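Q: Residues per chain are reported as follows:
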Amino acid sequence: MEGHLTYSALPALIVALPLVASLLVRALGNRSEPLRDWYAIAVTAVTFLGAVALIPLVAEHHVIGCEIPLLLGGITFHVDSFGMFFALFTSFVWLCSTVYAGAYMQHEERRNRYFTYCLAVLGANMGVVLAGDLVSLYLFFEALGLLAYWLVVHTQTPEALKASTKYLWMTVIGGFALVAGIFIVFGIGSTGVIGPIPFAEEQTTLAWVAAGLMIVGFGVKAGIVPVHIWLPDAHPVAPSPASALLSGIMIKAGAYGIFRVVTALFRPPVMEEVAEELWHFTTQLGFVVIWIGIATMFIGVVLALLQENAKRMLAYHSVSQMGFIIAGIGAAGFLGAHGAMGYAGGLYHIVNHALFKACLFLGVGAVYFRTHELNMYKLGGLWKKMPLTFVFTLIAAFGITGVPLFNGFVSKTLIHHSLVECIEFAHEAAAPLWQIQSLSIAEKIFVVTCGGTAASFIKLIVFVFLGKPKQEFPGMKEAPARMLVAMGALAVPIAVLGLWPNLVLQGVVAPGLHTWGLHSAILDEFVLFTPANLQAVVVAFVLGTTIVVVGVRYGLFHAHFPAWFSVDYWYRRTARAFLAFCTAANRGYEAYMAVVSRLIVRTRRQLLRTGIRTQRSWKRLLVTLGTGAPGLRHQQFIDTAYVIIERESHATVRHAVDRALAVAEASSEMTPHEQELYVHAVRDSAAYMANRFVNERVGVVADLARTGRIEPLRVALEESMAKVVEFREPVAQIALAVATPRMRGENILRQLAREMNGLLSRERFDLLMREAVPSWKTAQAAARLGHSVEAAIPSEEVVSAFRAGGLTRLESAGSWISNTAIGLIEATVQERIPWMIEDRLDSRRVASTQLAIQRYVRDIGLNVGVAIAMLLVFVVMAAAGLL
Amino acid sequence: MSYSAILPAVVLLPMFGAGLVVPLSKVSNRARAMGITIVVGITTALVALLIPGVLNGEVYEQRLFQMTPTIWMSLRVDALGELFAITAGLLWLLALVFSFGYMADEERTNRYFAFLMLALTWTLGVALAGNLLSFLVFYELFSILTYPLVVHEQTPEAMAAGTKYIIYIIIGGGLVLLAIMGTYFLAGAQEFGGSAFLTAELDRTSLLAVFWCFIAGFGVKAALMPLHGWVPDAHPAAPAPFSAVLSGIMVAAGSFGILRVLFYVYGIELLKELGVAMPLSWIAAFTILAAAILAIPQDNLKRRLAYSTISQMGYVIFGASLLSVSSITGSLVHIANHAFMKGTLFFCAGILIKRAGIHNVSEMAGIAKRHPITMGVFTLTSLSMIGTPPLSGFTSKWYLGIGILDAEQPWYLVILLGGALLAAVYLLPIVYAAYFKEPAPIVRDLPEIEGRLEAPATMLGVVLVGAAITIILGIFAWAPGLPLSLAKLAAETLP
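Taken in order, these protein sequences are the chains called A and B.
Residue 228 in this note's numbering is what sits at position 228 of the first sequence, and the numbering runs on without skipping anything.
Residue 971 in this note's numbering is what sits at position 88 of the second sequence, and the numbering runs on without skipping anything.
Bound-form chain A, shown alone (with noise of 0.2 Å):
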């Protein structure tokens, strides 16, 4: 902001005193109700004063302000007449709600939170009116927008904890749009003033970003479609008063921010003279913002038709009426240098929009407070009860339709001009044909939204307070006198602003255009009442009736519009998704850390088992290569099948003479001294076989396993004592059988050994074990293979058909390395290769000589050579000198 600043202190107090004051709320309440409203009044009343007094102040010195060190460097406080204007009327219609809400809240809980927020909500909004530079006027916003939460969800029904999330979520979203634009705009040049930006030609993108986000930012406050969803949902659920607050004044610190967007920041420096080409960015910037004004005003009336609560119904007007004033910013903003018509009109509309539809809200809500009925279809012929109340609401309906006297028409007939003129300027200036044309479409759009205007405020009128009513109200008469008192002072500015429009037009927007360096000469020649401007409001209101008419005849007003027909519908999925995705990614990322945490695990445990595997190996290397034995392993197997196959062995001896005892005692004819001696010859019978058995089996058991494999052997092993059983009882009977001719001194050892060549060759233990040896079953295709080589190599009779000539000394050594050389592979391979050993099995000499070999290359080469080369060590050693 360009000019002198003149020291005032004033402007910090009235936004400080409201915020200290409402710190005192809860304990004044706590102790006296009435005081606590006498107080919340007094404080407003008094802010009101001060505002009051900065008009003289303004007017002398044009721009005051002042700074205080807080937050980042000073937050500054600046005021011009349009940022006094807006003090003005801010802390006016304040004080009526204040006012009106003593009365009012009577009948609503948590009176001590809405008075501390009302207050606290007060002193933000002041602060957003008089802050001086972008930092102060965004944590006021965003101190506005996060108190009123309070405002909104006042009642915690579950419609306003809804309503009042979406608002919360809503200005989250916008505060960061606008922050963000504030951060483009400190990128661009701005040094935070609210003044002109002086970005150069090539960050224009950049500051139509920022001017984007700033008045998206701000416009979420405002209501501008299509950010303005929160707005129907949470104006109608707050406590009439607040209503009346938010609809009326918080959402014109919105439009306040676009105020100063369009024409304070994106327009060039304030001179006395500019170049026309200087002001193209703001041109275009206002021809957009023109365009979202229309949009909202449009878009807003026709929702705002199809409401059956009166409250919505005047949200959805503060929407729409919304429209009007940015339409007529836009308008400030496309005719640059000549924009004193534009300006007007949106600062009057904001104005006169604040005084009648807070005594709209404050007149339905004085009708709630008696009725507890919102549903215009279901109230009726109220005049007669509440005829005050009808005729304030009345006076406003007036002010907002735009009726002759009233302050509605003075506005919406400036902003229907700063139209009409921005298609001429567009004519002058050789603007493109399609931005003429559409903003002589904007300017039809803005007739009919007169027209929709006209036609809501006719059916709010007739359906709530004229006709007959629909039901009776027991206790129904006149609102309280405070409210009456509230509605009053708020009615008749409506009239006075319509009747004296100069007092804001010469009184308010000429200086502040002469501070911001604009003519306003045109606003002098402006005449209010001319044939056309009266004209126009007739085909406001033909065309209401008419839409009136229609609407009931064919139950137009019932209407709905499809779920996905709504912007808010699309937010929301949109949220949703939003939310659904968060919950997959963290799904996702679980899953996958517990994957990887998986594979850690089963890593760890390979390792674990790879090092435990390597470590018994090692241990084996070592004994091996220590003793020479084929490992502990097979030694400590042969020694548990040993005590195994000794067992069976006990048990088939103790087996038979179990049966030799039943057989002498059922004897008669034996003496005691007889039976003994004859379960004496059964045992040793007995024993015998059992003995040779317990070689057979040992000997089968021992030699299979020099292959090392022992956990088959040991299943193996396992399962062919279970079958051997079998033969505890043949042994039973031959010893019984021999024991008579044993007895009588015959030798028996012949015919034992008969038998037990029988039985043994019955049993075939190697095959036994052979058979249950799992692996070896398999490898049958080895075994087949090791035949074919034995059949491929000479016959043994050839071979000893050779020998009978003898071996050459060089034929002896070399069989003897080839069977070095077999034995040292069979050694080191022979896990893997069980056909040599069937060989080895089959030809008897052959397996003796790799035996030998076996043993001498275990014992002589490995421990010998382990020796040898420790003595070498040694010697190297002794020979280097080290010992």
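Source of the hints: derived by calculation from the structure; they are not laboratory data.
All values derive from a computational prediction rather than experimental measurement.
We put the beta carbon where it would ideally sit given N, CA and C, even for glycine.
Treat the hints with care, as some may be off.
What the hints assert, rightly or not - Chain A is nowhere near these chain B residues, computed Cβ spacing over 10 Å in every case:
| hint | residue |
| --- | --- |
| 1 | Leu947 |
| 2 | Leu1058 |
| 3 | Leu1329 |
| 4 | Gly1357 |
Stated by the list, open to error - Listed below are the simulated EDC-like cross-link pairs for lysine to aspartate or glutamate, each with C-alpha atoms no more than 16 Å apart in a straight line:
| hint | chain 1 | residue 1 | chain 2 | residue 2 |
| --- | --- | --- | --- | --- |
| 5 | A | Lys162 | B | Glu1321 |
| 6 | B | Lys1320 | A | Glu159 |
| 7 | A | Lys723 | A | Asp766 |
| 8 | B | Lys1237 | B | Glu1333 |
| 9 | A | Lys378 | A | Glu472 |
| 10 | A | Lys385 | A | Glu472 |
Dock chain B against chain A, hints included.
A: Just chain B, lined up with the frame of chain A:
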């Protein structure tokens, strides 16, 4: 008078305090509490005593002892170190006082307090280290000797989290060691504060390798994604006051290390020349958004806050990697602001755990009625975390935002504000539920609070002081002596 002599005292005092724990506990718990609080108080006061001098641009140095012929253990305080040290000192004081209430019914309190005091020594050592090797020594001690604090409760979850923690930290520490060896190899022994250690004349490949080694090593501690794995597990497992320190200081120590590396080892010019700042900012940007997205569905309150820490620490690296003065200021001041904000949030979580047995967000519905002060502070700090003016979070966001524009990367605003918006998405529903939702069954069944206060006075006092700091750091952000002035000075006087 020179304050240099204070430096060893600052570092050694808490160690002395750790030694006091056991003897004093023999006297009484009260004596122990008084003793170590006084020690930490004196330490913090000594650190604060250095602020005026540091703001005047003075640098205090003190050599401790010689480690090798060329390398000394040395302490040195500059604006950056002072910022970190005073933040650590104050948060420690808060955490300590909070612990008296929180640990009252816990076991093994001697171990807890002793290691907490030791950890302060290491932290101050990290903050005041005068060269890379001194830094490494304190950093490693700090990392490893906090293990008993992480696993304090010794539940299976705590033990698992501790294992995860120690594995991550040791691997990260190994990488840091590797990078520091690389630096000594390339540049020899140098003290912080002169020109940057490394220059563009050195071999480019080695410079890059050492740089990424540093980032990967410190990134584990600073919870840069995807190296953040230990953070969301360690926080819920640790006792709440230590979670506060863990989030506010420990994770920030990693970021602090990265800052030292970026600006004192490499220097802005070299970073620009190497072109490594841009990829680093992408990693940070990814961390900011991804961690925030993962925070949203978390039901465990402390886990959600832990993810928030990851996201917020991303801002620190993000601002630093943009290399403009404003963004670096924002990044530095965010270390301090975040420490107090997140600390306070964890303290609130601690009160809910101890006084209401509430661990999960879903159990917090309607808790505000029973714990109005706790939830009030929680709300305030949440708003600060989102970046609402005039609270401290706004200060950081503001400088980061301006820095983004200074660095001519306007698209990064999406990251900055996207992260803030996501912060709103993961914090505000908690507040909403606490105030407006029907009370959860667990809340309904809670017994009435005995006595006048919703929590012991020490715990409640700490929470309120945390809230006050959050407000003061926002409203009086400009005031000399507060973190912003230190951060500005540090950012302007980088080598």
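Q: If a hint holds in the structure, say so; if it does not, say that too.
A: Hints, one by one, checked against the model:
1. Interface exclusion of Leu947 of chain B from chain A stands, the closest Cβ pair being 39 Å apart, more than 10 Å.
2. With a closest Cβ-Cβ approach of about 19 Å to chain A, Leu1058 of chain B is found to remain outside the 10 Å limit, as its non-interface label requires.
3. Listed as a non-interface residue, Leu1329 of chain B keeps its Cβ farther than 10 Å from every Cβ of chain A; the least gap is roughly 21 Å.
4. Not every CB of chain A lies more than 10 Å from the CB of Gly1357 of chain B, the least distance being 7 Å, so the non-interface label is violated.
5. Between Lys162 of chain A and Glu1321 of chain B the CA atoms are separated by roughly 14 Å; this keeps the pair inside 16 Å, and the hint holds.
6. At roughly 13 Å between alpha-carbon atoms, Lys1320 of chain B and Glu159 of chain A fall within 16 Å of each other, so this suggested pair holds.
7. Only pairs whose Cα atoms come within 16 Å are accepted, and Lys723 of chain A paired with Asp766 of chain A is accepted, the gap being roughly 13 Å.
8. Of the pairs offered as hints, the one joining Lys1237 of chain B and Glu1333 of chain B holds, with about 14 Å between alpha carbons and a cut-off of 16 Å not exceeded.
9. The hinted pair formed by Lys378 of chain A and Glu472 of chain A meets the criterion: a straight-line CA distance of about 10 Å does not exceed 16 Å.
10. Taking the CA atoms of Lys385 of chain A and Glu472 of chain A, the gap is about 11 Å. The hint holds against a cut of 16 Å.
Of the numbered hints listed earlier, the single one contradicted by the structure is hint 4.
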